[in-house]
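> So the chains spell out like this:
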Amino acid sequence: MLRYTLTRLLSLAISLAVASVVIFLAIEILPGDPAAFMLGVNAQEDTLAALRDQLGLNGTLWERYVSWVGGMLTGDFGTSYTYRTPVAGMIADRLWISLPLAIYALLLSTLIAFPAGIWAASRRGSAADVGVMGTTQLGVAIPNFWFAMLLVVVFAINLQWFSAGGFPGWDEGFWLSIKSLTLPAIALALPQASILARVMRSALLDTLSEDFVRTARAKGLSRRQALWRHALRNALIPVLTIIGLQFSFLLAGGIIIENVFYLPGLGRLIFQAISARDMIVVESVVMLLVFAVILVNFLVEIAYALVDPRLRHRA
Amino acid sequence: MSLLSIEGLSLEIGRHTILRDVSLSVDPGQIVGVIGESGSGKSMTAFSVMQLLPDGARAHGSVMLSGHDMLALPEAQLCRLRGNEVGMVFQEPMTALNPIRTIGDQVAETILIHERASKSEAMMRAREALNRVELPEDRFPLTRYPHELSGGQRQRVVIAMAIALRPSLLIADEPTTALDVTTQAQILDLLKRLVREDGMGMLMISHDLAVVADMADEIVIMRHGEVVERGTCPAIFGQLRHPYSISLLEASTHAPDRQAHTEEAPLLRVRDVVRTYTLPRNTLFGAPGRVEAVRGVSFDLKRGESLGLVGESGCGKSTLTRAILGLEEVQDGEILLDGEPVFTGHAPNRAVRRRMQVVFQDPYGSFNPRHRVDRLICEPFHLLDAPPRGEARDAAIAEALTSVGLAASDRYKFIHEFSGGQRQRIAIARALIIKPELILLDEAVSALDVQVRAQILDLLADLGRRFGLSYLFISHDLSVVRVITDRCLVMKAGEIVEQGPTERVFSDPQHPYTRQLIAAAPDLPEIA
Amino acid sequence: MTDLRADSLPPQGAPVRLWGRALRSRNLVVGALLTLVFVLAAVLSFLWTPYEVTGLDIANKIKPPSWRNPLGTDHFGRDILSMIMVGARVSIAVAVVAVGIGMIFGVPLGLLAAARKGSLLDEVIMRANDLVFAFPSLVIAILITATFGPSAVNAIIAIGIFNIPVFARLTRSGALTLWQRDYILAARVAGKGAARISVEHILPNVTNLLIVQGTIQFSLGILAEAGLSYVGLGAQPPTPSWGRMLAESQTMISFAPHMALFPGLAILLTVLGLNLMGDGLRDLFDPKLRGRT
Numbered sequence: 001m002l003r004y005t006l007t008r009l010l011s012l013a014i015s016l017a018v019a020s021v022v023i024f025l026a027i028e029i030l031p032g033d034p035a036a037f038m039l040g041v042n043a044q045e046d047t048l049a050a051l052r053d054q055l056g057l058n059g060t061l062w063e064r065y066v067s068w069v070g071g072m073l074t075g076d077f078g079t080s081y082t083y084r085t086p087v088a089g090m091i092a093d094r095l096w097i098s099l100p101l102a103i104y105a106l107l108l109s110t111l112i113a114f115p116a117g118i119w120a121a122s123r124r125g126s127a128a129d130v131g132v133m134g135t136t137q138l139g140v141a142i143p144n145f146w147f148a149m150l151l152v153v154v155f156a157i158n159l160q161w162f163s164a165g166g167f168p169g170w171d172e173g174f175w176l177s178i179k180s181l182t183l184p185a186i187a188l189a190l191p192q193a194s195i196l197a198r199v200m201r202s203a204l205l206d207t208l209s210e211d212f213v214r215t216a217r218a219k220g221l222s223r224r225q226a227l228w229r230h231a232l233r234n235a236l237i238p239v240l241t242i243i244g245l246q247f248s249f250l251l252a253g254g255i256i257i258e259n260v261f262y263l264p265g266l267g268r269l270i271f272q273a274i275s276a277r278d279m280i281v282v283e284s285v286v287m288l289l290v291f292a293v294i295l296v297n298f299l300v301e302i303a304y305a306l307v308d309p310r311l312r313h314r315a
Numbered sequence: 001m002s003l004l005s006i007e008g009l010s011l012e013i014g015r016h017t018i019l020r021d022v023s024l025s026v027d028p029g030q031i032v033g034v035i036g037e038s039g040s041g042k043s044m045t046a047f048s049v050m051q052l053l054p055d056g057a058r059a060h061g062s063v064m065l066s067g068h069d070m071l072a073l074p075e076a077q078l079c080r081l082r083g084n085e086v087g088m089v090f091q092e093p094m095t096a097l098n099p100i101r102t103i104g105d106q107v108a109e110t111i112l113i114h115e116r117a118s119k120s121e122a123m124m125r126a127r128e129a130l131n132r133v134e135l136p137e138d139r140f141p142l143t144r145y146p147h148e149l150s151g152g153q154r155q156r157v158v159i160a161m162a163i164a165l166r167p168s169l170l171i172a173d174e175p176t177t178a179l180d181v182t183t184q185a186q187i188l189d190l191l192k193r194l195v196r197e198d199g200m201g202m203l204m205i206s207h208d209l210a211v212v213a214d215m216a217d218e219i220v221i222m223r224h225g226e227v228v229e230r231g232t233c234p235a236i237f238g239q240l241r242h243p244y245s246i247s248l249l250e251a252s253t254h255a256p257d258r259q260a261h262t263e264e265a266p267l268l269r270v271r272d273v274v275r276t277y278t279l280p281r282n283t284l285f286g287a288p289g290r291v292e293a294v295r296g297v298s299f300d301l302k303r304g305e306s307l308g309l310v311g312e313s314g315c316g317k318s319t320l321t322r323a324i325l326g327l328e329e330v331q332d333g334e335i336l337l338d339g340e341p342v343f344t345g346h347a348p349n350r351a352v353r354r355r356m357q358v359v360f361q362d363p364y365g366s367f368n369p370r371h372r373v374d375r376l377i378c379e380p381f382h383l384l385d386a387p388p389r390g391e392a393r394d395a396a397i398a399e400a401l402t403s404v405g406l407a408a409s410d411r412y413k414f415i416h417e418f419s420g421g422q423r424q425r426i427a428i429a430r431a432l433i434i435k436p437e438l439i440l441l442d443e444a445v446s447a448l449d450v451q452v453r454a455q456i457l458d459l460l461a462d463l464g465r466r467f468g469l470s471y472l473f474i475s476h477d478l479s480v481v482r483v484i485t486d487r488c489l490v491m492k493a494g495e496i497v498e499q500g501p502t503e504r505v506f507s508d509p510q511h512p513y514t515r516q517l518i519a520a521a522p523d524l525p526e527i528a
Numbered sequence: 001m002t003d004l005r006a007d008s009l010p011p012q013g014a015p016v017r018l019w020g021r022a023l024r025s026r027n028l029v030v031g032a033l034l035t036l037v038f039v040l041a042a043v044l045s046f047l048w049t050p051y052e053v054t055g056l057d058i059a060n061k062i063k064p065p066s067w068r069n070p071l072g073t074d075h076f077g078r079d080i081l082s083m084i085m086v087g088a089r090v091s092i093a094v095a096v097v098a099v100g101i102g103m104i105f106g107v108p109l110g111l112l113a114a115a116r117k118g119s120l121l122d123e124v125i126m127r128a129n130d131l132v133f134a135f136p137s138l139v140i141a142i143l144i145t146a147t148f149g150p151s152a153v154n155a156i157i158a159i160g161i162f163n164i165p166v167f168a169r170l171t172r173s174g175a176l177t178l179w180q181r182d183y184i185l186a187a188r189v190a191g192k193g194a195a196r197i198s199v200e201h202i203l204p205n206v207t208n209l210l211i212v213q214g215t216i217q218f219s220l221g222i223l224a225e226a227g228l229s230y231v232g233l234g235a236q237p238p239t240p241s242w243g244r245m246l247a248e249s250q251t252m253i254s255f256a257p258h259m260a261l262f263p264g265l266a267i268l269l270t271v272l273g274l275n276l277m278g279d280g281l282r283d284l285f286d287p288k289l290r291g292r293t
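Protein chains in written order, with UniProt numbering: chain S, 1 to 315; chain R, 1 to 528; chain E, 1 to 293.
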């Protein structure tokens, strides 16, 4: 298990390194000089040079890469070209909306999908199964931002249970903040829950047809017991994979939903940064998101090994 | 009163009738063998007793187990009987255990599900059960996972689960079909011992007449969902009445009519062949492990000869086969066909390759399902510099198909339209079409039912005579090698431990391993 | 009971009988009909739409559905039905080309990786795939469209790039199973090389998988295009697109819900149709998996 974890950690580090190079190069090849962009068309050549120097744009490619990565490792993400404030602080503020939103949505999605998937699989072909499959078919097809708009019409405009958008800030009270994240989280969670429920169901049906489930039944376990004691844990592996993929999707998918609800999260930040050519912010946000994805993949792989003893012995 | 009594059992799944009026009974301490070819309904009979039938199955008639009417009991009561009153062992040990739970846990579950035992008490009794199936504590602690065990050891765990509560009936559905012959013998001995010790009744399902004949007190022969013959063993073999059971017995002992036309000149010459594989690294910086699959093998195959290569799984016979076919380069030694190397430089030698062909085991996986028969059997023409076209190609296809007993018009069909035996004929036609001198038969009849197998063996003997073919017959099945080869090689752990004329090897084996193999192979009683 | 879990790869039924089974599959028929409606609407829009979608008609702005405008009009008085028809063409074109990009690059990469399994090449291809997966797709799509300017073409590229690893992985895993088959061994005995075997034996037998995955990626492409044009990074005005219609309707949703309802329904129904078709095709090609997913 230790060797497995170390190998995974190593591959995590390699992925991060490669990703950082790709992101850095992608941003580097972009047309446009941020200094010129910041100072406008009438800037003097010497002011431009001074600003470039200040922004660290004058070194070689390699020097700039090292200073960017080195900065990130020490928590210094650089200074925003447009706002002239530390990027780290800007990101931290926004992260405190996007991250809770993604976690909230993931919780909702899992809490809906697990019971629904298990219920449908255990009553395959019944009205319950047909109902769950039909609902999830719709859930998968619905564009989440449109669903978000419908939620606003029903719950914010007509019923007035929630506000139509905006975020009060965590200082204004935990529950108030949670409340303002609820509609966005539901809009994000429903399509994901539909996918997850379908995966859960099909993974369970697959394991239920395995020989070892038949063996368990021959020992005297009822269908239900065989499902809970033998099939469920084996079915978790594909489900974990999907949960891992979904987390990154939720974190990034928030970008559009944040737009619908006027939430000042990472999504809004990246839009503003792109339109202002504030590439250091873009770079850092993308790197952060990639880091989150790779980290979640790592955690999923550790979870695989906890579920499946065969993996623990492999490096 | 019988322990298990099945009367007039019929079974339908959807619109298909699986069983028709099946009756049989098992007494305490008695072993009843149910024999049949694939599709005979023998496994479904077993599952009917357990009432573990596929969805949509409807059973009629009566199945009485220790006084319980299994067809009428509600599911909850059936659960109480399964594992407690009746245990079951399955065909495929590799998948029969839950891969993510320990063996101790899984054996203890049988106890926990039926009795009010504490977890530690159940574990103690699981230990006893594992000891009884000869998995001692020092090598097989309860904390082992299935993937750490071999197929035979896993089958022992399944047996331990089935007998942990000392049921009065044990059902074994092809319990040794997936195992090597020596492992098979050990598992059969174990089952016999357990039946004797516990006074259990046992219903033993098998396609192999010899396996059942070795251990059953009574035999039931099934075909197309019906019982065609039943009687005590071994007396039944002398008094078979139904034409099907007579032909089944004949097919099981069938020896094709053939004489050797061997010339002295060797056709295939294998000298000191070594093939090692590099294992994936276990640690990042450690040296990769190595496996010596073939360790210095030498033999000759004479022109016109039928040579057998016998060994259990993992002995290196598949690796050797691939090396001879020129699919893999060997590290050391040489393989010559009629004096020409199979590999020249690092590339396979086409001129040599076109002189040998191969027939594989699996009649279902051997053909691209998207191609028609003519395209399938013409594939070896790729080896020719000027493959026949037009009429010459049509003639070659017709000749190949008719010589294996199929119609020339079958060339337009797709492979799924053929049965397993017919597919194997098509595989032989594919091998014949470029008129090779040597055909490698890699377990070519192992997946076939006995009657079909007998027909294919006859066909091979006939083709060998007509076209002057030489055969290298690779198999784990001693009874087949014995009837189809002139000489045979016995392979173990990458080495050939014994070789000689087939009859001599079988009647007077020299190497201890050969003796062990021959002793382990089940025999039919000598009644003619 | 002994062998219910056979392999899902090779088709066992004759192609001829597929049509009969196809017409009896409810998912497939409903899904194909739904998809067909939108494809026909898109095609028709080249020849005829009820009204011009570029012409403004302020006098008729924000009208609810009526006989004159079956789906109502928007804030410039444009006919929503006509806009949905023209929007279908963008959505479908973007998704089709994106799936095409994914297949054209992904399938050969997958075949190559499988043919050289365990080699450095395989490793590089698969790690590169992992890397693409590590980038949140939407973020990169936004990045690409934002850098090179928002347009339908850039949306296609952005969505297409993420289809490449999907098809590469699928092809590789399907091909790896097939490489174990005896008929591949037979082809090797017949002296055929890896490239020839990949084209002759592997590719035809993974097409079913590719078709099923293709419909799924098609529907995901429609959703992604809608999302991008919703945030203004898809097709640019005056070309109507479903996503932008939704974005424009957002501020008026309290008094003109029809403006948000119909474009959203168009997306929902197209995606639903494609998904149903994908499920139906999977059942058709692989009856053993029926009802699993």
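In short, the hints are calculated from the structure, not lab data. Backbone N, C-alpha and C define an ideal beta-carbon position, used for all residues, glycine too. Any given hint could be a false lead.
[Said to hold, decoys possible] Derived pair list, reagent style BS3-like, types lysine-lysine, alpha-carbon separation capped at 27 Å:
{"id": "1", "chain 1": "E", "residue 1": "Lys61", "chain 2": "E", "residue 2": "Lys117"}
{"id": "2", "chain 1": "R", "residue 1": "Lys435", "chain 2": "R", "residue 2": "Lys302"}
{"id": "3", "chain 1": "E", "residue 1": "Lys192", "chain 2": "R", "residue 2": "Lys435"}
{"id": "4", "chain 1": "R", "residue 1": "Lys435", "chain 2": "R", "residue 2": "Lys413"}
{"id": "5", "chain 1": "R", "residue 1": "Lys302", "chain 2": "R", "residue 2": "Lys119"}
{"id": "6", "chain 1": "E", "residue 1": "Lys117", "chain 2": "R", "residue 2": "Lys413"}
[What the hints assert, rightly or not] If you only want the chain S side, here are some residues facing chain E, beta carbon under 10 Å, derived:
{"id": "7", "residue": "Leu25"}
{"id": "8", "residue": "Ile27"}
{"id": "9", "residue": "Val66"}
{"id": "10", "residue": "Val69"}
{"id": "11", "residue": "Leu73"}
{"id": "12", "residue": "Thr74"}
{"id": "13", "residue": "Ala141"}
{"id": "14", "residue": "Trp170"}
{"id": "15", "residue": "Ser248"}
{"id": "16", "residue": "Ile270"}
> Going through the numbered hints above, which ones does this structure break? Give me the numbers in ascending order.
1, 5, 6, 7, 9, 10, 11, 12 and 14
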